[in-house]
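Protein chains in written order, with our numbering: chain D, 1 to 288; chain B, 1001 to 1220; chain W, 2001 to 2850.
These are calculated hints, taken from the structure and not from any lab test. Errors might be hidden in some of the hints.
[To be verified] If you want the footprint, here are the derived chain D segments under chain W, 3+ residues with CB under 8 Å: (1) 206-218; (2) 273-284.
[As the list claims (entries may be wrong)] Derived DEER-like restraints, expressed as beta-carbon distance ranges: (3) W/M2479 with B/V1054: 39 to 49 Å; (4) D/A254 with W/M2711: 34 to 44 Å; (5) B/A1184 with D/Q242: 28 to 38 Å; (6) B/P1069 with W/A2507: 28 to 38 Å; (7) B/V1054 with D/A82: 22 to 32 Å; (8) D/F174 with W/G2759: 30 to 40 Å; (9) B/P1069 with D/D106: 22 to 32 Å; (10) W/F2841 with D/A254: 29 to 39 Å; (11) D/T83 with B/F1004: 30 to 40 Å; (12) B/S1111 with D/Q242: 45 to 55 Å; (13) W/F2841 with B/A1184: 50 to 60 Å.
[As the list claims (entries may be wrong)] Some, not all, of what chain B presents toward chain W, calculated at C-beta under 8 Å: (14) I1048; (15) F1055; (16) I1062; (17) A1065; (18) S1136.
Glycine included, every Cβ here is placed at the ideal spot set by N, Cα and C.
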Amino acid sequence: MYPKFMTWKLMNSALIRRRRFSVRRSLLSVATICFLLVSPWALAHNPLTGSFQERVAGTLSAVLLMGFWFLYGRGSFRVRPATGKAVAGHLGFALCTLTLLGPLDDLATTSSAAHMLQHMMIMVIITPLWVASQPLPQISAAGGQVLSICWRPLLRLAGYPMACAYLHAAVIWFWHMPWFYMLAVENPWWHTLEHALFLSTAGVFWWSVMRASPVNFPVATMALLFTLMHTGFLGALLSFSQTPIYHEEARSLADQQLAGLIMWVAGAIPYLLASGWITRRWYQRQAS
Amino acid sequence: MLVFLTLVLAAVTALWLYAVYRQPTPAAQGIDLADNDSKLTRQHAVWIIGGGLVFPTVSMLILLAVSIPVGNLMSGLPSEADQALRIQVTAHQWRWQIDYLDGTSDNNLASTQNALHIPVNAPVHLYLSSADVIHSFWVPRLAGKLDMIPGRTNELRIQADEPGVYPGLCAEFCGLAHATMRFAVHVHSRDDFNQWIDSQRQQVDTVRLELLQGEVPSGE
Amino acid sequence: MENDVDAGNPQSSARSAQLNADGLALQLQRTWANPSGWGALAAVSHGTVGLRFMLTGTAFFLVGGVLAMLMRSQLAVPENTLLDAAQYNQFFTMHGTVMMFLFAIPVLEGMAMYLIPKMTGARDLLFPRLSAFGYYCYLFGGLIILASLFTGVAPDTGWFMYTPLSDANYSPGPGPDFWLLGITFVEISAVSAGVELTVSILRSKAPGMTLKSMPIFCWYILAMALMIVFGFPPLILASILLELERATGMPFFSVSGGSDPLLWQHLFWLFGHPEVYIIFLPAAGVVSTLIPVFAGRPLIGYGWVVFSIVLIGFISFGLWVHHMFTVGIPQFAQAFFSVASMLVAIPTAVQLFSWLATLWSGRVVFALPMLWLSGFLVIFVCGGLTGVMLALVPFNWQVHDTHFVVAHMHYVLVGGMFFPLIAGLYYWLPHFSGRMPSYMLGRWAFWLTFIGFNLTFLLMHLTGLRGMPRRIYTYETGMGWDWLNLLSSVGGFVMAAGIAMIIVDVAVHFRFGPRATRNPWNAGTLEWAMPMPPAPYNFVSIPTITNRYPMWTDSNLPASTEAGEHWLADASHGRRETLCTTALTGMPVSVIHLSGNSWLPLWAALAMSALCLSLLAGAYWLALAATLGASAILLRWSWVNGVHRDAAPLSNDETTELPLHSRTVEGPGLWAMVVTLMANATFFLSLVFGWLYFRTVSPQRIIPAEIRVDMAILLFSGALLLLAYGLYNNAVRRIRDGQGAGLQGRLMVVLFCGLIQNGCLVWVMVTSPLQVFDLTHDALVLFLLMYLSFHSLLCWILTALQLLRVRRAYVGVELPYELIVLRPLWIYSTAVFWVGMALFFGLPLAWPAS
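One chain only, chain D, in its complex shape (with noise of 0.2 Å):
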């Protein structure tokens, strides 16, 4: 129960502090309610239920990520984000909470389809809202210094974006090796880092792409066709397999081929629009 309450609570004060900004209340309180009405369901999965070990990790997750939530809710009332960005961010929150702690996460024990719908979230629609949002001068207002310490490096690492893109191919190429794949499926703790990796690596993917200054458009661009191949052809092996990869016994092919589609059509379909997306950026922001 411990969880729960503590989110009901983080929320609860959220929720009081806000009725005085009238513009974002209205925002916030549609994700809230959103949230609540959600969390005992989506809550009701992996924390408390399955073993000691998935109930640890599952809270962690929960924990760590409704406290990123919370942050960033009390840091909006310090630092105003515009409209826009406030929804993409909420947005990501929401959907993460769903992807990490909803059915999808108990389905991706049995399914590959479903494990590769959990990555495609995390790495081409989370990631990228939040990247969207810029939520860290709200994180760090309601944080203080003691966070942006650890997103300094990041940040700096972000201004290179093809290796960022290296980095994160290395992540998902490594995780999606059977051994590494069956070692996040069965335990819950590798499960959690393998989403910590995704969810960070694709976050400074994201950050050097989509918030690229004029100069590194170029990089930028390559950065993304790269990620776009090599996912592609990670989807086109999986589309393509004759024999399960993951698990032999208990996936069956039509899903992994489902998987592999996923990642391949469906995932490649978010890295077209961010081209056009940062060509636009690029060609409005460029001084002529």
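With chain D fixed as given, assemble chains B and W onto it according to the hints.
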């Protein structure tokens, strides 16, 4: 679909011709050539965003919404091999070898060359593979084409609704005699088919028996 | 000369300025002129090379056209015996190959090479000798391929060369070898042009010309060049692997070794899908260039067009499975693939509506090029719409590999490429000849081509829907195809007549066309600022350009350029020079000294075609000799660079304001190195894809239980490589900081490490008990080792060359450029070594054979 796409073609062509022949008033030309950052005017935004982004997106969504269910209906036969007659089709340069498999084991009931015999109104499950190069199995009136690739087996479910003879051909270029690599699908009534396969079966059994006894099968 | 703009000016100061300008033009002419007579073969100027590309491409186009006419004659009536199956198969294979590889891409490249420097305000492309080399590679490669046709051993397995039909078992003749070697040769030319165009567009624009204010055509060509850089390597890899399989029996694609023939299809279409857009983009660039001219107003939505160009580039690399719908894909995949295939309609529609809006708001002058553009619009939109139909998978299952697809493809390629190309030809014709085309002949030619084309291919849709498959040399009567085919054939000949008329028109106009005035179409872009035909140096002085239509905003531009009022109005040094500007903002940073006329590109290409021919003949010792010869010529080529006395020797009066690029730490060579390595990385990525595909997808894969390579030596070799790289990097850093002491010693240590490292690699290759002729797995491992070894060796040789240059004082603290250019190659070689180790030897540990 054809009508819609023809309409699009006609509309775009008409727009183009009208745009070419239109002679707008010179007022429309008051533009700053040195300005590289000029924003689209309202009218131009309608052209480019409306015509270039919204129009194709919407029309493609409509097309897909109509065609994907139709597509699933077209190829909507169940793909499991359980109840169906199972036939192994192996392509060679340049002939078709067709083996009729037993319901349970992979024993060969009968074999034919360049002629596929199937019963009417019954699902038939085909295992397609190739002994040499890539071929493609195509009976235009029964199903779409499916490649036959060495080292792989593709599965295709067909069902014929009327007895008769359907032409079939190789649809992937496979070398010198590709153009003449044809076969025929003979669709029989159920009884005829059973009779046919029994006669084939007896032949096969006789041959097998003779082989077992160490004799060369007779016949010249 | 043509300097008559300011003639007759009474003021004496103006007159002396005019005299100076004339003197300047003369000096420039002396420096830049092509040699005459046989010496013309050593010419490297982009105008000359671009025209040669286009003319040669036209010749190949005629060959491809004759093949098409022969095929149409054969198919005109059922059961025709004009051609037999063997001839027909050769002809359709060669028709596709010639049109794709020897006509469409080279002609568009040639057009880009001719126009880009003139549009961006440069005097030449940045690597003129590379252009010439690329041209000769293309010419010789094309001739080798054609030779097979005239000797009757042409490839006959389709332009897509699907294995196993094209392997040594099922095609024992030399046909596929001609294709694989010849096409690889031609592709070297394409990739080198891609690299050159990319770097030239980015680094040699006129001062002030930003990416945002360059002509839209440059954006299209930039995208095309980058797509060539990323799109061709998969096919080069596949061709090399298949040729190795054919020549030595290493089973890269055959089932017997555990591989899967579909791997070829993946690699082929990984190239083949972008290829369609590589052909379409420059042609669309012509459309986007011409429409504003004839509408008399700027292109509306420039930014949106840029957006759609980038998006098309991305989409073309996203999904290549369109061409493989029938290989057996899961049923639920239909919807995914249909959506993905249709996506490209969006950026195309953005461009289309941008053109429509431009025409809408302008007062259109309906000149001859506009007629061809209108033809383009009708045909291309029609082709695009049948493309949408083909994207629906169930429909595709029916019409795939029928004449419907043939019709669709010709609508897209002829409509999307040929019609804009002819529009462009008529538009730029005055630029080549100084004369205007004839409207009357041109109109006839258009209508004949347009009607002939539609007669042929519109009906062919119906033939396809009635079930006529592709690639059959004959058909029986009574299938309902007879009259359709007959009419298609008639249409084919009508179209041929139209094309003949274009050729007559162009030929006749050189003699009878009326003289063109300067900028005859009242265009806005810079290539019209020069007299026609242009001088080999393009611009007497290089103007500062701040907007997209300088000819519209500054009516004095041609005169001021010729009067030498702008940049680089000095030719007394006898060097070929152009400006190097920053990629995005167009700030001038240095002066690039370009290489001049040289026989080296021709010799190098000849040596490489000798290599190609000796491989075809199976004379491997001769091939080795040719390789050594080619390497020697290439090394000589790189020796006479930089501050070599044949290039730009050091002199006492060098300015530091805008230094020569070889005196700087950053210049076009570095960029070209990086772009080339991007192509190389795509090659490596394709190899990795092949390896992973083999391990996961191949249904019949055979994976040995243990690693049969001496890992200890291999790791030792890798460690040495890392060490050598570290030392090299350190030497470069020191020299950048101005510390030249001990440079030679450092390079020698690098070379020593490299020598041992190379030795180790060769040792591993020779001693490992790999069954390369039996197992795909081992063949791929050996190929990786050869790839790594090639790179190590290349680093070693080039570093050795640098050591010699340091001794000659061509390279040093003041001249660090070449060492810096070489650095990315070291980084790349080290990186691929370790990535290769991890994927080929590390991966099996975490992913045992299954």
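Checked hints:
{"no.": "1", "hint": "206-218", "verdict": "holds (count 4)"}
{"no.": "2", "hint": "273-284", "verdict": "holds (count 6)"}
{"no.": "3", "hint": "W/M2479 with B/V1054: 39 to 49 Å", "verdict": "holds, 44 Å"}
{"no.": "4", "hint": "D/A254 with W/M2711: 34 to 44 Å", "verdict": "holds, 39 Å"}
{"no.": "5", "hint": "B/A1184 with D/Q242: 28 to 38 Å", "verdict": "holds, 31 Å"}
{"no.": "6", "hint": "B/P1069 with W/A2507: 28 to 38 Å", "verdict": "violated, 57 Å"}
{"no.": "7", "hint": "B/V1054 with D/A82: 22 to 32 Å", "verdict": "holds, 25 Å"}
{"no.": "8", "hint": "D/F174 with W/G2759: 30 to 40 Å", "verdict": "holds, 33 Å"}
{"no.": "9", "hint": "B/P1069 with D/D106: 22 to 32 Å", "verdict": "holds, 31 Å"}
{"no.": "10", "hint": "W/F2841 with D/A254: 29 to 39 Å", "verdict": "holds, 33 Å"}
{"no.": "11", "hint": "D/T83 with B/F1004: 30 to 40 Å", "verdict": "holds, 39 Å"}
{"no.": "12", "hint": "B/S1111 with D/Q242: 45 to 55 Å", "verdict": "violated, 26 Å"}
{"no.": "13", "hint": "W/F2841 with B/A1184: 50 to 60 Å", "verdict": "holds, 53 Å"}
{"no.": "14", "hint": "I1048", "verdict": "holds, 4 Å"}
{"no.": "15", "hint": "F1055", "verdict": "holds, 7 Å"}
{"no.": "16", "hint": "I1062", "verdict": "violated, 11 Å"}
{"no.": "17", "hint": "A1065", "verdict": "violated, 10 Å"}
{"no.": "18", "hint": "S1136", "verdict": "holds, 6 Å"}
Checked against the numbered hints above, the structure violates hints 6, 12, 16, 17; every other hint is satisfied.
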